[in-house]
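Chemist: The residues making up each chain are set out below.
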Amino acid sequence: MMWLKQLFSRRRLYNDLSEEINEHLEEKIEELVATGMSRKEAAAAARREFGNVTLTEEDSRTVWRWPSIENFLMDLRYGLRMLRKNPGFTAVAVLTLALGIAVNATMFSLVSSLLREGSYPTRTLSPRQITSLGAMQTMYLRMWLLRMNIALPI
Amino acid sequence: MKKAEQRDLFPGALEMMILQTLKRQPLHGYALVQRIKRTSNDLLQIEEGSLYPALQRLLKEELVKAEWSISSTNRRVRTYKLTAKGAKHLEHEVSRFEKMLEGITRVLAPGAS
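Chains as they are written, first to last, in our numbering: chain G, 1 to 154; chain R, 1 to 113.
So that you can see chain G by itself, here it is in the shape it has in the complex (with noise of 0.2 angstroms):
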């Protein structure tokens, strides 16, 4: 359960964070100050010697994080963020897609409904006759092909 209570706490541990490591860079420029430093350059004298802020906080924070699924939500957020940038892409996938799942779909739909236009008890046919009853789908597919006027070379 470790991970879970990592998980809530986690807002408050980087808050803990940023607030310990200003306290250090006050507590450092108090420190320059009172050696007859200015304000001014002893906050910077700090900085420089503290290194990077933000690297800092952000490689103490990667270590409460949860690497795998993490990456794959930023991953997942790269790919939308892309997708947003190139409009023109994204239409053209999201059509390819629409359509081939369109196309399908009614396709599927149509050999199934007629395949059943037909529907025999198949299960109490003897397998001669379930050669019988593939013919007759074929003819019944001709026919309503026939029916809707539509020319194929079966």
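Don't read these hints as lab results, they were simulated from the structure.
Treat the hints loosely; a few may be bogus.
According to the in silico footprint, chain G covers these stretches of chain R (three or more CB under 8 angstroms from chain G) [said to hold, decoys possible]: (1) 40-49; (2) 74-85.
Which chain G residues stay away from chain R? Per the calculated CB distances, all over 10 angstroms, these [to be verified]: (3) L80; (4) K85; (5) A98; (6) I101; (7) L145; (8) L146.
Quick list of the computed label-pair ranges, beta carbon to beta carbon [as the list claims (entries may be wrong)]: (9) N74/R to G36/G: 15 to 23 angstroms; (10) N86/G to W68/R: 44 to 52 angstroms; (11) L83/G to R38/R: 50 to 58 angstroms; (12) N86/G to V107/R: 52 to 60 angstroms; (13) V107/R to L55/G: 33 to 41 angstroms; (14) G79/G to Q34/R: 42 to 50 angstroms; (15) V33/G to K88/R: 35 to 43 angstroms; (16) P87/G to N74/R: 54 to 62 angstroms; (17) R48/G to G111/R: 43 to 51 angstroms; (18) K40/G to G12/R: 32 to 40 angstroms; (19) A34/G to E62/R: 31 to 39 angstroms; (20) R96/R to F89/G: 47 to 55 angstroms; (21) R75/R to S38/G: 15 to 23 angstroms.
Note that CB positions come from ideal geometry on N, CA and C, so glycine has one too.
Given chain G, work out where chain R should sit, using these hints.
Modeler: Okay, now just chain R, sitting in the frame of chain G:
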């Protein structure tokens, strides 16, 4: 995180020094880094910031615990304390380090073949 570790002498060196310093007495981040710098006679150039990721790692592994308090200079500080688990870990790490150091010293010693 990996890079921060590589900036150390070797992975875990900074953690070991932190634990050892905290073993003597609980300290807050700023005091801790000053202590390490002073104890090493400034031979180790520790970037003060590099302390914090290391402290977070130690916190996560429960080798140290932290508490907010008011320092003698009337400052709000987060004091780190070594846990029992941390003390055990430190002992283990130190003995491992000494073995490694001995090995390296022997190889580097003049006349070694």
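Chemist: If a hint holds in the structure, say so; if it does not, say that too.
Modeler: Structure-based check of all given hints:
For the segment 40-49 of chain R, the proposed coverage by chain G is satisfied: 3 residues have a C-beta within less than 8 angstroms of a C-beta in that chain, meeting the threshold of three. Interface restraint, the segment 74-85 of chain R with chain G: holds (4 residues with C-beta to C-beta distance below 8 angstroms; minimum three). In this structure L80/G is separated from chain R by more than 10 angstroms, as the shortest Cβ-Cβ distance comes to about 26 angstroms. Even its closest Cβ contact with chain R, about 29 angstroms, leaves K85/G beyond 10 angstroms, as expected for a residue assigned away from the interface.
Every C-beta of chain R lies more than 10 angstroms from that of A98/G, the closest at about 42 angstroms, which supports listing it as non-interface. Taking the minimum C-beta to C-beta distance to chain R, about 42 angstroms, the non-interface status of I101/G holds against the 10 angstroms cut. With a least CB separation of 65 angstroms from chain R, L145/G remains clear of the 10 angstroms interface cut-off, as annotated. Remark: the non-interface label on L146/G is consistent with the geometry, its nearest Cβ contact in chain R lying 70 angstroms away (cut-off 10 angstroms).
Distance hint check: the CB atoms of N74/R and G36/G are about 22 angstroms apart, consistent with the given range 15 to 23 angstroms. A hinted range of 44 to 52 angstroms holds for the C-beta pair N86/G and W68/R, which are about 48 angstroms apart. Restraint check, L83/G to R38/R: a C-beta distance of roughly 54 angstroms satisfies the suggested window 50 to 58 angstroms. The hint said 52 to 60 angstroms for the Cβ distance between N86/G and V107/R, and at roughly 57 angstroms that hint holds.
Checked against the hint of 33 to 41 angstroms, the pair V107/R and L55/G passes, with Cβ atoms roughly 36 angstroms apart. Separation of G79/G from Q34/R is about 46 angstroms and conforms to the stated range, judged on CB atoms against 42 to 50 angstroms. The supplied range of 35 to 43 angstroms is met by V33/G and K88/R, whose beta-carbon atoms lie about 41 angstroms from each other. Checked against the given bound of 54 to 62 angstroms, the beta carbons of P87/G and N74/R, roughly 58 angstroms apart, stay inside it.
Under the hint 43 to 51 angstroms, the C-beta atoms of R48/G and G111/R, about 45 angstroms apart, fit the expected range. A C-beta distance of roughly 38 angstroms is found between K40/G and G12/R, which places it inside the suggested range of 32 to 40 angstroms. Against the hinted window of 31 to 39 angstroms, the Cβ-Cβ separation of A34/G and E62/R comes to about 37 angstroms, which satisfies the hint. Look at R96/R against F89/G: about 54 angstroms separates their beta carbons, and that is inside 47 to 55 angstroms.
Under the hint 15 to 23 angstroms, the C-beta atoms of R75/R and S38/G, about 21 angstroms apart, fit the expected range.
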